[in-house]
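Asks: So the protein sequences, as listed, match chains C and V. With this note's numbering applied, the first sequence covers 1 to 232. With this note's numbering applied, the second sequence covers 1 to 232.
In short, the hints are calculated from the structure, not lab data. Worth double-checking, as some hints may not be accurate.
Any copy will do: because identical chains look the same in the list, a pair fits if it lies in one copy or spans two.
Here are the computed lysine to aspartate or glutamate pairs in the EDC-like style, where the Cα-Cα straight-line distance is at most 16 Å [said to hold, decoys possible]:
(1) Lys-171 to Glu-117
(2) Lys-83 to Glu-214
(3) Lys-10 to Glu-185
(4) Lys-10 to Glu-214
(5) Lys-73 to Asp-121
(6) Lys-139 to Glu-154
(7) Lys-10 to Asp-30
(8) Lys-83 to Glu-37
(9) Lys-212 to Glu-13
(10) Lys-150 to Asp-94
(11) Lys-200 to Asp-64
(12) Lys-210 to Glu-84
(13) Lys-210 to Glu-13
(14) Lys-21 to Glu-37
(15) Lys-210 to Glu-23
(16) Lys-200 to Asp-144
(17) Lys-126 to Asp-30
(18) Lys-139 to Asp-121
(19) Lys-10 to Asp-64
On a predicted model such as this, the values are computed, not experimentally measured, just so you know.
2 protein chains.
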Amino acid sequence: MGVFLVEGNKMVEEAIRSSFKIELLVCTSDFANQHPEVNNTGIELIITDSESISKASLLQNPQDALAIVCQPKNGFSELILEKELCLALDFIQDPGNLGTILRIADWYGIIHIVCSETTVDVFNPKVVQASMGAIFRVKTTITDLPSFIKNSVESGIPVYGTFLEGQNIYKQLLSPSGIIVLGNEGNGISDPISQLVTNKLVIPSFSTHKNKPESLNVAIAAAICCSEFRRR
Amino acid sequence: MGVFLVEGNKMVEEAIRSSFKIELLVCTSDFANQHPEVNNTGIELIITDSESISKASLLQNPQDALAIVCQPKNGFSELILEKELCLALDFIQDPGNLGTILRIADWYGIIHIVCSETTVDVFNPKVVQASMGAIFRVKTTITDLPSFIKNSVESGIPVYGTFLEGQNIYKQLLSPSGIIVLGNEGNGISDPISQLVTNKLVIPSFSTHKNKPESLNVAIAAAICCSEFRRR
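Sequences and hints are given; from them, build the entire structure.
Replies: In structure tokens form, the structure reads like this:
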């Protein structure tokens with residue numbers, strides 16, 4: 001079972017309150033005193049000074065704590081798709097975007113996120129930091145995404161994705177369950193998956209400028225989609 | 001009048017098609033041949049090789065062109081607020097967030113963006129890159145934001161902002177004109193401006209987890225607000 005790095009006081013606090021197993025906590029004595037529960041949970045604890053933490057840290061402004069946390073083993077049952085809205089990530093490359101997408105999903109109560117094998121590792125330290133704690137609440141699974149989407153469509157699950165030629169998202173009926181596919185930053189949703197999407201949507205631009213903007217950032221598009229699905 | 005740096009083929013192409021004055025264009029002969037219009041517009045042109053462009057570039061993957069472009073002088077009339085929706089940025093610190101906010105505004109046809117004196121410089125190279133061309137279409141002004149908001153409120157302009165204790169944005173009447181205030185990444189909207197906001201909104205969380213997420217990234221909140229104001 002893999003582990004991942006969690007840094008910064010707030011994120012380490014999130015790790016402590018979460019159901020995740022902490023393998024090792026490195027922190028200052030002040031931090032340990034402020035969180036007495038860490039002494040009672042069998043966590044391996046190293047008390048040291050801020051300077052030593054800085055040396056081990058990837059952050060520009062290291063803080064008083066870092067932790068090595070076990071990666072969870074999340075299962076995924078297709079039954080979930082009949083009741084819940086899930087995100088499917090088709091080759092998201094940028095760790096900041098992925099972390100932000102986890103944070104959006106968490107906000108909108110979307111628990112399950114299915115990642116293509118090509119999507120950046122959700123336990124990459126930059127993803128973890130950008131998720132602002134969402135990494136401890138949403139459940140991610142890596143899968144062969146085209147097969148997963150194909151099986152879902154065959155089971156009658158609605159699969160949504162945004163495309164330039166899609167239907168106006170603001171005017172469509174949107175299901176309370178199913179899959180929203182988010183595509184790559186540069187290339188959008190890949191061809192094999194595009195062909196499987198059952199409901200093609202577009203977030204219309206309201207620009208009246210002669211040079212139209214071409215696209216929205218994928219995390220921004222994710223936010224607008226989640227907002228539209230949930231508000232109804 | 002100040003200038004700013006524009007990098008990468010796509011962004012330099014946006015600069016060329018825009019109404020902005022290019023002071024200097026540094027590019028490969030291939031790029032110049034693909035854009036013959038640059039020879040006829042009095043732009044100072046330096047043709048060189050990719051290696052020399054790389055040396056002058058701030059990008060991790062430099063391309064075939066960079067340009068020095070004049071900053072526009074944008075005026076701002078308060079009459080605009082009676083007809084249009086504008087954004088007011090109250091101490092946005094992160095260049096990536098600011099660039100993304102410009103891109104969202106551009107997408108949703110919001111032309112005027114008023115920045116506090118504390119907000120990161122819109123012509124910072126990271127802002128310019130993250131804007132993906134929106135910097136050439138939206139109009140930004142720097143102002144004493146508390147005075148600006150105060151005057152607007154006194155003129156009867158609705159001023160919206162998101163707060164934890166606000167009214168559910170999905171259920172509120174939203175005006176087609178007025179001001180949406182976006183606050184600092186860590187601290188939200190500053191106290192002096194909070195006191196002036198006429199319509200306090202919240203983007204409700206749909207999380208059912210026992211540890212609730214605390215907040216959304218400011219650019220994500222901006223996207224959801226713009227989407228809600230525009231879709232109606």
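Asks: Does each hint hold? Answer for all of them.
Replies: Verification of the hints:
1. Lys-171 to Glu-117: Classified as neither; 33 Å inside a copy, 39 Å across copies.
2. Lys-83 to Glu-214: The answer is neither: 34 Å in one copy and 26 Å across copies each exceed 16 Å.
3. Lys-10 to Glu-185: between (29 Å within a copy, 15 Å between copies)
4. Lys-10 to Glu-214: For Lys-10 and Glu-214, the Cα distance is within 16 Å only across copies (11 Å; inside one copy 37 Å).
5. Lys-73 to Asp-121: Within one copy only: 14 Å inside a chain, 44 Å across chains, cut-off 16 Å.
6. Lys-139 to Glu-154: neither (24 Å within a copy, 48 Å between copies)
7. Lys-10 to Asp-30: within (14 Å within a copy, 50 Å between copies)
8. Lys-83 to Glu-37: Classified as neither: same-chain Cα gap 36 Å, cross-chain 56 Å, threshold 16 Å.
9. Lys-212 to Glu-13: Classified as between; 13 Å across copies, 44 Å inside a copy.
10. Lys-150 to Asp-94: Neither, since 26 Å and 40 Å both go past 16 Å.
11. Lys-200 to Asp-64: This pair counts as neither: shortest intra-copy Cα distance 47 Å, inter-copy 35 Å.
12. Lys-210 to Glu-84: neither (41 Å within a copy, 18 Å between copies)
13. Lys-210 to Glu-13: So Lys-210 and Glu-13 pass the 16 Å test across copies only (15 Å; inside, 49 Å).
14. Lys-21 to Glu-37: Within one copy only: 14 Å inside, 61 Å across.
15. Lys-210 to Glu-23: neither (56 Å within a copy, 23 Å between copies)
16. Lys-200 to Asp-144: neither (21 Å within a copy, 44 Å between copies)
17. Lys-126 to Asp-30: Neither: 26 Å inside a copy, 37 Å across copies.
18. Lys-139 to Asp-121: Classified as within: same-chain Cα gap 13 Å, cross-chain 38 Å, threshold 16 Å.
19. Lys-10 to Asp-64: Answer is within; shortest intra-copy Cα gap is 10 Å, inter-copy 42 Å.
Comparing the model with each earlier hint shows violations of hints 1, 2, 6, 8, 10, 11, 12, 15, 16, 17; every other hint is respected.
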